Amino acid sequence: MPPPAPSPNPNPAPPDAGISRRNFLRTSVVLTTGLAALAASLKPLLDMNDFPTMERFLQKYYKEMTPADMEKVLKRITDETEKQYGLRPHVRDLKPMDGVEFVYCLNLTRCIGCRKCVHACVAENNQSRNPEIQYIRVLKLPHGSLDLEKAEHDYNPEKVPEKGFFYMPVQCQQCKNPPCVKVCPVHATWQEMEVDSAGKRKGDGITVIDYDWCIGCRYCEAACPYWARRFNFTKPEIPKERLNPDMAYLGNRPRRQGVMEKCHFCIQRTRAGRYPACLEVCPTGARKFGNILDPNSEVSYILSTKRVFIQLKEEMGTSPRFFYYFDV
Amino acid sequence: MNSQTRTRLALTGLILAFLALTTLFLSNWSRRPVRLTTIPLVNTNFLDTATVRRSYADLVRAGEDLSDFDCSVCHEKGKAPPLRYDTNQNLIVPKEHSDIVMGHGRHGRNNNCFNCHNETNLELLQTRDGHAVKFADSPALCGSCHGPTYRDWEAGAHGRISGYWNHDLGAPQRKQCVNCHNPHSPPFPGRQPAPGPHPLRPMTASVEPEPNH
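First to last, the protein sequences are chains Z and V.
Residues in the first sequence are numbered from 1 upward in steps of one, following our numbering.
Residues in the second sequence are numbered from 329 upward in steps of one, following our numbering.
Take the hints with a grain of salt, since some may be wrong.
Claimed, not checked - Part of the chain Z face toward chain V, derived, beta carbon under 10 angstroms:
#1 114
#2 157
#3 277
Stated by the list, open to error - The calculated SDA-like cross-link candidates involving lysine to any residue, where the alpha carbons are at most 20 angstroms apart (straight line), are:
#4 Z:176 <-> Z:221
#5 Z:306 <-> V:475
#6 Z:235 <-> Z:82
#7 V:423 <-> V:412
#8 Z:43 <-> V:348
#9 Z:159 <-> V:525
#10 Z:176 <-> Z:97
#11 Z:150 <-> Z:176
#12 Z:159 <-> V:519
#13 Z:235 <-> V:369
#14 Z:313 <-> Z:159
#15 Z:43 <-> V:359
#16 Z:202 <-> Z:82
#17 Z:176 <-> Z:158
#18 Z:43 <-> V:355
#19 Z:235 <-> V:526
#20 Z:306 <-> V:448
#21 Z:43 <-> V:347
#22 Z:306 <-> V:423
#23 Z:43 <-> V:349
#24 Z:43 <-> V:478
#25 V:462 <-> V:446
#26 Z:163 <-> V:515
To be verified - Chain V regions said to be covered by chain Z (calculated; three or more residues, Cβ under 8 angstroms):
#27 342-351
#28 370-378
#29 487-495
#30 519-526
The set of hints was computed from the structure by calculation and includes no laboratory data.
Since we're looking at a predicted model, the values are computed, not measured.
Beta carbons are placed, not taken as given, at the ideal position from N, Cα and C, and that holds for glycine.
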């Protein structure tokens, strides 16, 4: 049988298509509108202006920095702050003192709920004013219970204290067993307390945040049972005349958008031997602060003689360094 | 409907959709980001660390007018001024001292001037057991009745402190009883609370639409 004759090509080459005028116009319109829509949706990127400088991008981890590195970093922070706020700050890196462990005691009999501590803290620690970030939340609770479900924090009567209520300010409790530190995926927050192999403890116990290392994942905020951590959702806004120029690296230096912050026992004051700002402004003297390792300090006296009734949410096992007590 | 018509329809639909999206994006129809409400700066009164009152020692230190403590201008020295009581045995405060509210102790049980003031020398205070106390040393007088509180105050657990917790670096500044308590009416006065927390976004629906930008 002879091989079949080759059949003609079933798909002959189409006639030279070229680009018809109609096709060209149609495609152009589709492409142009598509590109315009894409550009419009990407427009918000143009508003981004907080790109890190190379120096900040390459900065080392706090605990690995040499004093020379730190000096450079402090200079960078000083310059950046001056550029942004028009005020040259005094930024230091304060280390914990030997033989000092901080403890805070708060007298619930004396607190009248006036919230002066809240605002003294904001002023001292350069929190954003707009939106306003506050480290301290004053809870108003009815007498005879400590059910936080019954607490109210946005009370605003003409005069405090109100009859039948007591007030409980809550801020970072500086736990000995801090859950926030455990969940941080990048070790940007840690407790300033190291136990060496001989069991010797070193550090004052403040849980700090390196704002340059924080990635803003907010795990710590979720882990904290005291709702003590705050997130910078927007770029912090501080008027120049309200900026506190006395700053510390781990303390109140200005933060960026997208980082966590919280009470750090006014590291810039307490590591220089002074009392925290919330204590100094308290009109009733309900707040007490000091070194628990010193048997003559006020806090030692309070913890040994007063009716210290709680560490808040004791059952969490966080073991706070913040104690609430009563006078009588 | 042949395939060419279908294609044409699909393409027209796409063009319209893209056009609509473009208008939406450009007109910022969703009004994002929502502009935050401006929060007023807190009144600096709330940041003031001054005490509620000023003690005799403060006034001396500041070199201020001490005429309130100069009793012999009106009172005769060495002679106890007479006290008058109404029918309920409540002290009648003379009009020269009308700024004084007698409220020390409940039920008016402590309404006798000479429980604390020295009868014959009004520029001195005196404890119940007869010890004379100067105005500047008034905590000793208060402590003669309020023992436990005095003990706490001495230990630093009662009352205000400022300055340095670390006594090697600086001195803590103590306050006296009368810096906070009015001796004639000691309960700590109520005060206006500072503004509370501000929510990031207004909680109510009454948000003013922002003007076009």
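Each hint tested on the structure:
1. 114: holds, 5 angstroms
2. 157: Holds: closest Cβ of chain V sits about 7 angstroms from residue 157 of chain Z, inside 10 angstroms.
3. 277: Given a least distance of 9 angstroms, the restraint on residue 277 of chain Z holds.
4. Z:176 <-> Z:221: holds, 17 angstroms
5. Z:306 <-> V:475: holds, 15 angstroms
6. Z:235 <-> Z:82: With Cα atoms ~16 angstroms apart, residue 235 of chain Z and residue 82 of chain Z stay inside 20 angstroms; holds.
7. V:423 <-> V:412: The given pair, whose Cα atoms are some 12 angstroms apart, holds under the 20 angstroms limit.
8. Z:43 <-> V:348: holds, 17 angstroms
9. Z:159 <-> V:525: holds, 17 angstroms
10. Z:176 <-> Z:97: holds, 17 angstroms
11. Z:150 <-> Z:176: Cα-Cα ~27 angstroms, so violated.
12. Z:159 <-> V:519: holds, 5 angstroms
13. Z:235 <-> V:369: holds, 17 angstroms
14. Z:313 <-> Z:159: violated, 29 angstroms
15. Z:43 <-> V:359: At roughly 14 angstroms apart (the allowed maximum being 20 angstroms), residue 359 of chain V and residue 43 of chain Z satisfy the hint.
16. Z:202 <-> Z:82: It is violated: about 34 angstroms lies between the C-alpha atoms, which goes past 20 angstroms.
17. Z:176 <-> Z:158: This hinted pair is violated, its Cα atoms lying about 39 angstroms apart.
18. Z:43 <-> V:355: holds, 12 angstroms
19. Z:235 <-> V:526: Holds, because 16 angstroms separates the two Cα atoms, which is no more than 20 angstroms.
20. Z:306 <-> V:448: Measuring from Cα to Cα gives roughly 41 angstroms; hence the hint is violated.
21. Z:43 <-> V:347: holds, 17 angstroms
22. Z:306 <-> V:423: Not satisfied, since the Cα-Cα distance of roughly 44 angstroms exceeds 20 angstroms.
23. Z:43 <-> V:349: This hinted pair holds, its Cα atoms lying about 14 angstroms apart.
24. Z:43 <-> V:478: Since the Cα atoms of residue 43 of chain Z and residue 478 of chain V sit roughly 67 angstroms apart, the hinted pair is violated (cutoff 20 angstroms).
25. V:462 <-> V:446: holds, 10 angstroms
26. Z:163 <-> V:515: holds, 14 angstroms
27. 342-351: holds (count 6)
28. 370-378: holds (count 5)
29. 487-495: The restraint on the segment 487-495 of chain V holds, since 8 of its residues have a Cβ under 8 angstroms from chain Z and three suffice.
30. 519-526: Check passed, 8 qualifying residues.
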